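Novice: Here is how the chains run, residue by residue.
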Amino acid sequence: MTNKTIVIPDARSAIRNDETETIAEILASIPDPEIPAVSVIDLGIVRTIEAECVVITPTYTGCPATLAIERAIRAALDANGFTHVRLETTLAPPWSTDWITDEGREKLRAYGIAPPPKGADAAALRNETRPQCPRCGSLNTEEVSRFGSTPCKALWRCNACAEPFDRFKCH
Amino acid sequence: MAKASTLFTYALRLGDDSLIIGQRLSEWCGHAPTIEVDLSLANVALDQIGQATHFLALAGAIEGKGRDADALAFKRDVLDFTNCLLVEQPNGDFAQTIARQFLFSHYQALLFGELAQSKDERFAAIAAKAAKEVAYHANLASDWVVRLGDGTDESRTRMDQGLQWMWRFVDELFVMDEVDAAAQKAGVGVDKAALRAAWDQRIDGVLNDATLARPASRRPALGGRKGHHSEHLGHVLSEMQFLQRAYPGAVW
Ligand SMILES: [Zn+2]
Numbered sequence: 490m491t492n493k494t495i496v497i498p499d500a501r502s503a504i505r506n507d508e509t510e511t512i513a514e515i516l517a518s519i520p521d522p523e524i525p526a527v528s529v530i531d532l533g534i535v536r537t538i539e540a541e542c543v544v545i546t547p548t549y550t551g552c553p554a555t556l557a558i559e560r561a562i563r564a565a566l567d568a569n570g571f572t573h574v575r576l577e578t579t580l581a582p583p584w585s586t587d588w589i590t591d592e593g594r595e596k597l598r599a600y601g602i603a604p605p606p607k608g609a610d611a612a613a614l615r616n617e618t619r620p621q622c623p624r625c626g627s628l629n630t631e632e633v634s635r636f637g638s639t640p641c642k643a644l645w646r647c648n649a650c651a652e653p654f655d656r657f658k659c660h
Numbered sequence: 009m010a011k012a013s014t015l016f017t018y019a020l021r022l023g024d025d026s027l028i029i030g031q032r033l034s035e036w037c038g039h040a041p042t043i044e045v046d047l048s049l050a051n052v053a054l055d056q057i058g059q060a061t062h063f064l065a066l067a068g069a070i071e072g073k074g075r076d077a078d079a080l081a082f083k084r085d086v087l088d089f090t091n092c093l094l095v096e097q098p099n100g101d102f103a104q105t106i107a108r109q110f111l112f113s114h115y116q117a118l119l120f121g122e123l124a125q126s127k128d129e130r131f132a133a134i135a136a137k138a139a140k141e142v143a144y145h146a147n148l149a150s151d152w153v154v155r156l157g158d159g160t161d162e163s164r165t166r167m168d169q170g171l172q173w174m175w176r177f178v179d180e181l182f183v184m185d186e187v188d189a190a191a192q193k194a195g196v197g198v199d200k201a202a203l204r205a206a207w208d209q210r211i212d213g214v215l216n217d218a219t220l221a222r223p224a225s226r227r228p229a230l231g232g233r234k235g236h237h238s239e240h241l242g243h244v245l246s247e248m249q250f251l252q253r254a255y256p257g258a259v260w
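Those protein sequences? They're chains A and B, same order as listed. Going by this note's numbering, the first sequence runs without a break in its numbering and finishes at 660. Going by this note's numbering, the second sequence runs without a break in its numbering and finishes at 260.
Next up, chain B with everything else stripped away, as it sits in the complex (with noise of 0.2 Å):
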């Protein structure tokens, strides 16, 4: 049996990712190099925050506190947020937004597929529901990895130079710390490096097709998960969570 405190960071770890990936995406509203672009990153962001909902209402459920996912979204800091450093990147061009989620959709749909296993029945229905979602969103990525990839010189550049930058970022994500072994040893949580593999697969099979090389390794950037965020999160933060700071309580 897992203590509740660890499974409420394990909850909110989940919503903090899709949440701050959604808003990311949504940044691209009205902005993205074609029509169906923007269509398409406003639905991914649209499930990400959907997801974020979910997670974030468990969390606060398993806190008992009387916080929903409003106020776990809204009403906390920027050392309180517990993503890992993927999600909050900038978007830079469009090459380098579809690295960030070309990356993150594989590790999302192995970790929900490994997630709606869960002894914990809330945990797993939320994870088999998103399963679905992100299954389409690592196909969109991988489908402009190979478009760009193996596209004209400059879209090949740009997304090569959009993998670099992503790259290590990587490694957190299969990082088990101590949240991550208790989750697991209670059952609920899922064991990420053992994912790591299959992961590899994934991506490597992608930029063979793309005729892109893997990045090369480099010294993992880590920290998200306890609050040690890079700059860019606090500027996500500070768009997120205006309406709620200017205006306390404000609903409609």
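Pulled out of the complex, with its shape left as it was, chain A reads as follows (with noise of 0.2 Å):
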């Protein structure tokens, strides 16, 4: 067998068979139900792609998300003639903010959400870190709420250009 299991967000350097290539190239064109601006590659709860599977994880335990998430890949894989394809799901290990690319950060930013920060330690959890401003990039910003629009969203302000923006929660 010459099928290789690659692990996000390794997946580029690890990709070796064209067929999982091509896996990997039509799910980072789907993009997440509640924040389309990023693919679920690049929020990474792509696990594994094979030949014959394609594991993912959910980002949280009710994220509402998770079932469009898993209807369209299957879609998607069965448009391309990948109807063989299993998908599976997995809880463990459980999905981290970790594993946002860096391409995945550099989108959620330009689209108005502050990305995580990497590294899931108490201070990170408790806010306790500031994020920058997604519009002005001021550090000057001020928490509203722990909990905003999805449950992996916080809602923050930014005191110097007075706009309220979204914080991508670290998990």
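Don't read these hints as lab results, they were simulated from the structure. Careful: at least some of the hints might be erroneous.
Unchecked claim - Computed footprint of chain B on chain A, listed as stretches where at least three residues anywhere in the stretch have a Cβ under 8 Å from a Cβ of chain B:
id: 1; region: 516-528
id: 2; region: 592-599
id: 3; region: 631-644
Claimed, not checked - Between beta-carbon pairs, the in silico distance windows are:
id: 4; chain 1: B; residue 1: Arg-226; chain 2: A; residue 2: Cys-542; range: 53 to 61 Å
id: 5; chain 1: A; residue 1: Asn-648; chain 2: B; residue 2: Asp-217; range: 19 to 27 Å
id: 6; chain 1: A; residue 1: Pro-520; chain 2: B; residue 2: Asp-212; range: 41 to 49 Å
id: 7; chain 1: B; residue 1: Thr-165; chain 2: A; residue 2: Glu-632; range: 48 to 56 Å
id: 8; chain 1: B; residue 1: Ala-189; chain 2: A; residue 2: Ala-565; range: 29 to 37 Å
id: 9; chain 1: B; residue 1: Leu-251; chain 2: A; residue 2: His-573; range: 31 to 39 Å
Computed from a prediction, not measured in an experiment: that's the story for all the values here. The beta carbon of each residue, even a glycine, is placed where N, CA and C say it ideally should be.
Take the two lone chains and join them into the complex the hints point to.
Specialist: This is the structure in structure tokens:
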């Protein structure tokens, strides 16, 4: 067998197989249903890609987007002739925002969402590190609400440009 | 090796705790004091219901009789629910809801931290994931306990009353009955009694910051794990299960 298992985010360097590379490209075109600026690959929810099986993991246990993501991936695989590829879900290891790719972080920022700090330590969790305003770049920002419009985001405000913004929570 | 019936009950209890507090919190949706609080409580509810889905699905799989998470959530009656009494207590005012969340989230944080080490990787996987979520819940509730306790006379009085109401349901969280003991012996479950000291330390630390006194010990209310519930649970279920009762098998 020449099929290699690839693990995101090291996918690009690990891909050795045309078929898995094609699948990876298809998945990279599938937007997250709640934050369409980033793909399911950018978010790190695709864990492994093999020629016969794609494994994904949910962000939060109750994330309502989980089912929509599964359906979108299934539909994209089927539409591209990969009906034989199984789609499996795993909980372990638990998804972490550290798995969001650098490209994904930049897309989030450009979309107006402050990306999460890397390293799920206590200080990051408690939002003790201030995010940079994704609009003006100021560090003069403050938390408005620890829970925001989706489970993965908190609501912040920039004191320099006065704009509110979402912050991707460290997880 | 624990019996399947033991592990079924163990998973069911975990699922029922999360399900009932998730349902309770969702009652706040659209009614919270501010939009930020509304979002927070709805998000915590969503996490809890997500955890319940996983634990109840696991219970159903262990049982092997074809019951999925929905069947266990919507098609059991009150005597078959195994949640602790704390989670079914009424929301009361915002302070009473925060008191319940504060006591429960710190318990869950410690419980899931340990359960993530379970020999049974199915339990460990759900717990490891849930632990990350409840860390946020515990932070949120602790912050509000401090803000209300160390706030105005009115907020302080209400926070104190909320804690007084909930306190008699605390001991039940740490009880080890025969199911817990068997699950622990098998390397699957957690020694909950051993979590109490760490829980006390967390709670006392926050109460100290909030300048609130720890409520006096009272005769504990027990029985939830055996299906002996307060009158409140029936009302929770009548709302939660209405659709499946009125239109059995309805899907969308
Ligand atoms: Zn700004």
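Novice: Given as covered by chain B, does the region 516-528 of chain A meet the bar of three residues or more with CB within less than 8 Å?
Specialist: violated (count 0)
Novice: How does the Cβ-Cβ distance of B:Ala-189 and A:Ala-565 compare with 29 to 37 Å: does it lie in that range?
Specialist: 49 Å, violated
Novice: Count the residues of the region 631-644 of chain A with a beta-carbon closer than 8 Å to any beta-carbon of chain B: does the count reach three?
Specialist: Per the Cβ count (8), the hint holds.
Novice: Note whether the CB distance of B:Arg-226 and A:Cys-542 lies within 53 to 61 Å or breaks it.
Specialist: 55 Å, holds
Novice: For the pair A:Pro-520 and B:Asp-212, does the Cβ-Cβ distance stay inside 41 to 49 Å?
Specialist: 47 Å, holds
Novice: Using the Cβ atoms, figure out if B:Leu-251 sits within 31 to 39 Å of A:His-573.
Specialist: 38 Å, holds
Novice: Please check whether B:Thr-165 and A:Glu-632 have a Cβ separation lying inside 48 to 56 Å.
Specialist: 27 Å, violated
Novice: Could you tell me whether the CB distance from A:Asn-648 to B:Asp-217 stays inside 19 to 27 Å?
Specialist: 26 Å, holds
Novice: The region 592-599 of chain A covered by chain B? Criterion: 3 or more residues, Cβ-Cβ distance below 8 Å.
Specialist: Not satisfied, violated; 0 residues make the cut.
Hints 1, 2, 7 and 8 from the earlier list are contradicted by this structure; the remaining hints agree with it.
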